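Asker: Sequence:
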Amino acid sequence: MLAAGAWAALLGGCAIRKIEIPGAKPMFPEGAVISSKTGKAVSLDELIDELSKVRVVFIGEKHTLAAHHEAQLTLIKKMVNQDPDLLVGMEMFDRSYQGILDQWRFGKLERETFLRRTHWYANWKYDFALYSDILDCIKTNRLRLIGLNIPFHIPPKIAVGGIDTLLPEEKKYLPKQIDTSNASHRAYVQQVFSEHRVRGRRDFEHFYQAQCVWEETMAETIAENLGGHRMIVLTGNGHIIHKFGIPDRVYRRGKTEFRTIYLLPAGTEAEMSFADYIWVTPSR
0 MLAAGAWAAL
10 LGGCAIRKIE
20 IPGAKPMFPE
30 GAVISSKTGK
40 AVSLDELIDE
50 LSKVRVVFIG
60 EKHTLAAHHE
70 AQLTLIKKMV
80 NQDPDLLVGM
90 EMFDRSYQGI
100 LDQWRFGKLE
110 RETFLRRTHW
120 YANWKYDFAL
130 YSDILDCIKT
140 NRLRLIGLNI
150 PFHIPPKIAV
160 GGIDTLLPEE
170 KKYLPKQIDT
180 SNASHRAYVQ
190 QVFSEHRVRG
200 RRDFEHFYQA
210 QCVWEETMAE
220 TIAENLGGHR
230 MIVLTGNGHI
240 IHKFGIPDRV
250 YRRGKTEFRT
260 IYLLPAGTEA
270 EMSFADYIWV
280 TPSR
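Residue numbers for the sequence shown, in numbering that gives the first Met the number 0: 0 to 283.
Worth double-checking, as some hints may not be accurate.
Here are the simulated lysine-lysine pairs, PhoX-like style, with alpha carbons at most 25 Å apart [unchecked claim]:
1) 77 with 39
2) 175 with 52
3) 124 with 107
4) 36 with 52
Hints were generated in silico from the structure; no laboratory data involved. Only a predicted model underlies this, so the values are computations on that prediction, with no experimental measurement involved.
Input sequences plus hints: build the corresponding full structure.
Answerer: So, in structure tokens, the structure goes:
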């Protein structure tokens with residue numbers, strides 16, 4: 000069975016291939032933000048203006064890259080300048096920690112206490128320093144921080160035994176809707192499954208159930224907390240690629256307009272269909 004952090008890396012990651020821009024093959028430098036609609040770079044101000052027209056902004060990440068978290072922080076700061084009531088949804092916390100996240104928001108917890116009470120290194124496991132500036136910004140601006148995830152021990156159990164094997168107290172965390180009918184999404188997850196063999200995990204249907212439960216939970220949490228606000232969502236690139244992970248599931252729940260931003264390390268490649276915007280970052 001995968002540890003929580005390794006599980007997040009596997010299902011939240013993405014195999015990056017090539018940038019396809021109709022009619023041209025330009026090279027984009029670090030810092031470029033490319034619109035998939037036009038195949039051309041836009042300025043950060045133009046991006047922010049476009050994002051101001053929608054309710055939810057999904058910005059992906061490769062969890063271990065500091066440059067990705069710096070880009071996320073830049074976007075949060077720009078959006079807060081427009082909307083001081085911005086919500087921040089994070090894959091890195093599950094819903095059961097919401098009370099603790101609220102205490103962080105209002106400055107009632109010091110960092111070390113926050114780490115202990117959210118069980119950061121038992122759940123997410125990645126170096127907290129990668130996320131510390133983002134969380135400090137949330138505290139400084141008193142932004143409402145929303146824990147999006149299902150408790151981290153549940154998806155690996157589904158992946159090896161299916162939903163039916165969960166204990167009754169675990170099933171209460173399941174989302175109300177679990178859609179497993181998207182063929183394109185299924186094919187994407189099938190590829191991930193075939194490339195990563197883990198002892199005890201042999202049934203793809205169970206693995207796919209786990210992925211859908213994971214993403215439906217985050218979509219449900221976004222929809223339930225949005226209200227009349229706007230939200231920026233921080234999650235792995237694999238959960239927003241082609242929009243069929245979390246974004247389309249949010250849209251299904253309330254026809255909420257959104258945009259997706261895929262963070263791409265310089266020197267790697269992607270398809271323009273991955274997201275509404277491709278943001279080229281340093282590879283560190």
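Asker: All hints are to be evaluated individually against the structure, with a verdict given for each.
Answerer: Evaluated hints:
Between the alpha carbons of residue 77 and residue 39 the distance comes to roughly 21 Å, so the proposed pair stays at or under 25 Å and holds. Among the hinted pairs, residue 175 with residue 52 is inconsistent with the structure: their alpha-carbon atoms are about 29 Å apart, more than 25 Å. A distance of roughly 23 Å separates the Cα atoms of residue 124 and residue 107; the hinted pair therefore holds under the 25 Å criterion. With a C-alpha separation of about 16 Å, the suggested pair residue 36 and residue 52 falls inside the 25 Å cut-off, and the hint holds.
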